[in-house]
Amino acid sequence: MSSIVATPNGRLDDRGVHDRWFILSLLFVNYFTLYMHRYILNYIQPPIRAELGLSEFQLNTIAAAFQFFYAFAALFVGYLSDRHRRRTVLIWSLLLSTLAFMGMGLAQGFWDLLAMRILLAITQAANVPAIAGIMADCFTQRNRSRAVSVYLLSSPFSVVVAGWAGGWVADEYGWRNAMFAFGTLGIAVVVGLYLCLREPDRIQRDVDRSERMSLAITLRAVLSVPSFLLLAVAYLLASNVWQQLNFFLPLHVYEHYQTNLAEAGRLSTLAPQIGTVIGLIVGGWLADRWTRHWIGGRFGVQILGLVIAAPAVLVIALVDSQLMIQLALVLCGIGIWLYIPNLWATTFEVVNPAARSTAIGLLNVIAGLLGSWPYLVVGWLRDEGVIRDLRHVFLVFVGVLCVAIGTLWYLVGRTLARDRQPD
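Every letter in the sequence shown is one number past the one before it in the working numbering, and letter 183, counting from 1, is 867.
Hints listed in this document are in silico derivations from the structure and should not be mistaken for laboratory results. The reader is advised that the hints may include incorrect statements.
Here are the in silico distance ranges between beta carbons for each label pair [to be verified]: (1) Arg882 - Asp1073: 47 to 55 Å; (2) Val875 - Leu1002: 44 to 52 Å; (3) Trp1057 - Leu736: 17 to 25 Å; (4) Glu856 - Leu790: 17 to 25 Å; (5) Gln1006 - Trp969: 30 to 38 Å; (6) Val1087 - Leu790: 37 to 45 Å; (7) Trp705 - Arg769: 19 to 27 Å; (8) Trp1064 - Val1003: 24 to 32 Å; (9) Val1061 - Gly876: 51 to 59 Å; (10) Arg973 - Gln1010: 27 to 35 Å; (11) Arg733 - Trp1057: 19 to 27 Å.
Because the structure is a prediction, the values reported are computed rather than measured. Glycine residues also receive a C-beta, built at the ideal position from the N, C-alpha and C atoms.
Between the sequences and the hints, there should be enough to build the whole structure, so can you do that?
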């Protein structure tokens, strides 16, 4: 029988606060909007490049700049969510990032677009650590992986909308109007969050003590955990493969199969997002189940996911059949999204509860600062004519995923038992 504890804002049982699923639904809509604004650029690259006269290197610089500045800002804004109301941080982040996104639609050249993209990155960076802190206090160890999986289902839907609908709007009405239309949706979501989202009580932490912790002490508490460092290395490798595959794949489809923007968006998003939904549903359930019998259960599911994704990316790189590529994209989506939804839960298992938002921010810092340079290298090599087929880039991704698998395997075998936090 579940024990129930009273908190100032509601009841807490062994599965979390009483209105956890309503709060989760609001976070779902929030992340849907963030993800859509972040990724629509991937699917409207050709008209932007043509109208603004951008080179491959300049376009890839814009992509790299987002990742770099998102990561850099995450270090500081993640700490905000450990000290201030997560609700306030989240709402202001979405509002300011939506305005920056709409500002991209007004760009008249490379520097305008770059500046707005950087501003989008900085303002979005505060959002995910706030979400992580809210979810950690709304759900418990019993159901966190499932909750994160449900929340992350917003990402495949947003990618399909960005790729398919965004490409269609850009084809019919221009890329600027696509940004204005999706920006208007973001403003509506901000209003909804302001009216409906409450700030959950902070649990599993000594509030007074945590608020006395300086940024330096908080960072030291996180970075002194070997398992967290290994998690960060694996995330650096796996997440950058997925992000860069999402960036380059629509362009590869557009160029290789000579499609329009809407068709390129559909072919490069629908199959992997079908896999994403499957991976999210299975990954959360499987991780919660395995963890009841094995302390490395969530990490085991992450390893399984990357083992599925690596050969799928190999097929994408080597096979020309559209059918085989679509099947491989489904498997790639399943594999990557067995891995990703368990990232927060595995991080929460090994870091001090008072530093959770900072830890999530640090993951973004490490992955972004160290993972943004491949965009620049690929863009320069394409401008120089060294890389004519993006499938050569996809081959490199296979080796990167294999290194990530080995890193997680070492973590489970050598450091997890010592670093794991009590629930």
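How the hints compare with the structure:
| no. | hint | in the structure |
| --- | --- | --- |
| 1 | Arg882 - Asp1073: 47 to 55 Å | holds, 51 Å |
| 2 | Val875 - Leu1002: 44 to 52 Å | holds, 48 Å |
| 3 | Trp1057 - Leu736: 17 to 25 Å | holds, 23 Å |
| 4 | Glu856 - Leu790: 17 to 25 Å | holds, 20 Å |
| 5 | Gln1006 - Trp969: 30 to 38 Å | holds, 32 Å |
| 6 | Val1087 - Leu790: 37 to 45 Å | holds, 41 Å |
| 7 | Trp705 - Arg769: 19 to 27 Å | holds, 21 Å |
| 8 | Trp1064 - Val1003: 24 to 32 Å | holds, 27 Å |
| 9 | Val1061 - Gly876: 51 to 59 Å | violated, 41 Å |
| 10 | Arg973 - Gln1010: 27 to 35 Å | holds, 30 Å |
| 11 | Arg733 - Trp1057: 19 to 27 Å | holds, 21 Å |
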